[in-house]
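Visitor: Letter by letter, the chains look like this.
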Amino acid sequence: MRIGKLIIAGGLVATIAAAIYVVHLDRIVTREFEGRRWTLPAQVYAAPLELYVGRALSTGDVEQELRLLAYRRVSGALRTGTYTEAGGEIEVGLRATRFADEARAAVSLRIVTSGGAIVNLEDAAGHAVPIVRLDPLLIGSIFPIHGEDRIVVTPSEVPPLLPAALKAVEDRTFDTNHGIDPLAMLRALWVDLRSRQIEEGGSTLTQQLVKSMFLSPRRTASRKIREAIMAVALDAHFSKADLMTAYINEIHLGQDGDRAIHGFGLAAEFYFGKPLSELDLSEIATLVAIVRGPSYYDPRRHPDRALKRRNLVLKEMLEQQVISAADAQRAAARPLGVSARASGAYFPAYLDLVRRTLRRDYREQDLTETGLEVFTNLDPLVQADAERTLDRELARLDRARRHRPPLEGAVVVTEPQSGDVLAVVGGRDVGYDGFDRALDAHRQIGSLVKPFVYLAAIETGRYDAASIIEDQPVAVKLADGRIWRPRNFTRQDYGPVPLVRALAESLNDASVNLGMDVGLDAVTRSLERFGLTEELPQNPSLLLGAVDLTPLEVAQLYGGLANGGFRTTLRAVRAVISAAGKPLQAYPVEVQPVAKPDAVYEVNSMLEHVFDRGTGRSALAVLPRGLTFVGKTGTSSDLRDSWFAGFSGSHLAVAWVGYDNDAPTGLEGATGALPVWSHLMAAISTSSWDEPMPDSLQQITIDYPTGLRAAPLCSSDPVTIAVPVGTSPPIKPGCPGGTLGAALSSTAENLWQRAGKWLQQRLH
Amino acid sequence: MTHVGTRVAVAVAVTAAAACSSLIGPPYQAPPAAASRQPPPPAYVAPPLARATVPPPPPVSPPAPVPPPPTPTPREYRLGSAAAALVAQAQRDAASGSPQLAEGTIERALRIEPSNPLLWIMLGQAHQSAGQYELAGSMGHKALQLAAGDPRAQAAAWRLIGDSLRARGRNSEADDAYSRADNLVPE
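Heads up: the protein sequence lines correspond to chains A and B, in order.
Quick note, in the working numbering, the first sequence goes up one by one and the last residue is 764.
Quick note, in the working numbering, the second sequence goes up one by one and the last residue is 951.
Worth flagging that the hints you see were computed from the coordinates, not collected in a lab.
A few of these clues could be false.
Below 20 Å or equal to it, Euclidean Cα-Cα: the simulated EDC-like pairs (lysine to aspartate or glutamate) are [claimed, not checked]:
hint : chain 1 : residue 1 : chain 2 : residue 2
1    : A       : K596      : A       : D695
2    : A       : K596      : B       : E898
3    : A       : K274      : A       : E65
4    : A       : K596      : A       : D612
5    : A       : K224      : A       : D192
6    : A       : K308      : A       : D280
7    : A       : K315      : A       : D280
8    : A       : K596      : B       : E937
9    : A       : K596      : B       : E840
Predicted model, so just to flag it, every value in this text is computed and none were measured.
Let's have the full structure, built from the sequences with the hints guiding it.
Guide: And the structure:
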């Protein structure tokens, strides 16, 4: 009697406890699922390619960009996401897309190129289009550390075949079950018992969803029960359509280092580089195949397994009459078609810069969870060229320097006028999200500092490009009483030389003499005005570049030269908009005058001669003909760092080559970084440095070795420089002098300059 | 109240931009041997080569040991058709009360012709109307640096600099800037 009562009481308590547990789980499920907002990492986009009549782009260039954006070439009818090409004419069905400033509907476009430039641009109706942007390339996202990355899709973006395939393969009773499929569970249990380990889940899609959303990945019996209860609860409260959408956005489909690929939207981009809505049957089947085991069926690492399982998926779809036999056969005959590189384009070093910019203005959580869209200045074509060039040139240098450890390097490319950062390469292994040398390698800049010494000198008004300085051994007494004796790189002294020669040939003795005369203060001030933020050692060795900077900081400094004395803030990010499309933040172009344009012009025109007479001569064979460049080599003590910084009219690039452990490389600026720089400038085919000469300056010709004024035909080594109007260096003995002679030489100079330009364009 | 002020300022900017857009030239023709993937060079009207060798005599020529350098034939900056289309769009943006959008659109044009002083002047005018006077002045100076040889563009740059100075209460410097503009191209 007593025992019976106890049993009843115990049973009652157990039932109540179980009921409470079920209600508890039900609450969790309802609350969590309803309030469910997937954490949406910020999506980061490259600068869109602008198309307009007159733009120098070949059909090949346009096609390359379209392929990067995963447009498929077709021969028949044009659909969104495809293009046709025939005889210099491209017709493309542009996707609907969102830019920082506007949303654009899907539109078709005809692009006609001829002679390497766009000659006609019109819409489907044949109306001329003055300017149009291609879609911005998705270059990555800012996801939490060890966190989930995803692109959320709405039901309208899901191809109908996908849910059909999921049901056919993972959960045949999805439409009718109540969250669990007892028969399937029993079947799975039987298999598990026989093999004495848990192999089959027998889980419905709802159970898989619960597992992913609410539970830890451990497989225990009690967790299985919890999962089943929650699945039933979820099914009771929500529609099948909602559950399917949630599943499609939730499920884990791959791993990319620390980045977990969640949802079919991102998986489509990650594996095929295109939007989910554009996947074909075989691609959908591949993604459905991956669901069962993202690492086991990884189509990049285990293509055979993935292909086998994809075909199994196709077979089951056929069995369930989701697709026809013909479709199944055709799809099964196709290769996997997975893109070679994860997510189409992945630029960790550039993303690093983007992340740092955004962290100044946003909380980490906003970046990784609220679905911001970030529009950057990355130029995918320049970035690709920069990566390729660095890799190729370092490999070549390594081959030439056998038995030495492989070199490292970094490259930064900007558009100097606007300050847009176009490309960042943080090292040789461009896909590696690790040490970003472009942003974090603080290395001695050596002679890269010299233009700022010469600028400070010219700004005093006491020097111009033709002024004579002494290139002879110097001894500078340091603050601690020691004597500093710098030497020329060549261990020779050249005596009295004009400024232009001392700078072009990077003469140390002359530069120290000049800098000591101008004063360390003035040099420091000029560096600071151009954007140097760190504390500079007030030590004469500053004059030879004993200061550690990153390639990005060098790009900031040289930007002021390229920009004619205006400092522009370097910008990786252009604008940020919210997930709903509301503009949140713009990073506008900012300029600030930091030096007189004429002084900067004088320095730049001296630096032009780095290429024809100075330390950069070896680049002449590589650089495109007829274009003018301005640049400077840098080499640190004991050849630990090899630098080159320079610019054309539209691109500024900084290249660094060295070892991470600061070991000597045996390379000068001209032998290490310059080849990287010059091949890059040749690859991106840029425009000439063509700044208009300020009205306060004039061009004159001097004898390069002596700095004496000489008509071009009166010197065996004439060089053209820019000096303030009225500057008149002493006339070279034996050359026509006086007013008449100078007038003659002035006319001759004009002719000579034109002839020189003409020759330059044709000879080298 | 401030809102009304902004509107008025925007309207002023639009008028100014419209004045500038009268400089918009005929459609820009692509150079025949264009290097790939590059924005076109600024579409200024280059002086014919033959004329450059016979320069007009300079207005003032003080006796000097060295004769003055040959005066270059004045350049005249214009906008290419793509940049012109964007500027027109920026004017519509500004007119519809979205000055920020207008600014972004001018920046878009600037990416196509970064060395065209006219675009720097327009961007500076946009900043001026948004109350960012110092940045507006900097852009005026930037335009001036690029406008060497183009008196009309130089004059427009000086007027922008004058506006920026006057807005910051530096009236005598502003007057100096305006008179420089008037000396180049009388208003």
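Visitor: The structure should be examined with respect to each hint, and the outcome stated for every one.
Guide: Results for each hint:
{"no.": "1", "hint": "K596(A) to D695(A)", "verdict": "holds, 12 Å"}
{"no.": "2", "hint": "K596(A) to E898(B)", "verdict": "holds, 17 Å"}
{"no.": "3", "hint": "K274(A) to E65(A)", "verdict": "holds, 14 Å"}
{"no.": "4", "hint": "K596(A) to D612(A)", "verdict": "violated, 26 Å"}
{"no.": "5", "hint": "K224(A) to D192(A)", "verdict": "holds, 13 Å"}
{"no.": "6", "hint": "K308(A) to D280(A)", "verdict": "holds, 18 Å"}
{"no.": "7", "hint": "K315(A) to D280(A)", "verdict": "holds, 16 Å"}
{"no.": "8", "hint": "K596(A) to E937(B)", "verdict": "holds, 18 Å"}
{"no.": "9", "hint": "K596(A) to E840(B)", "verdict": "violated, 23 Å"}
Checked against the numbered hints given earlier, the structure breaks hints 4 and 9 and satisfies all the rest.
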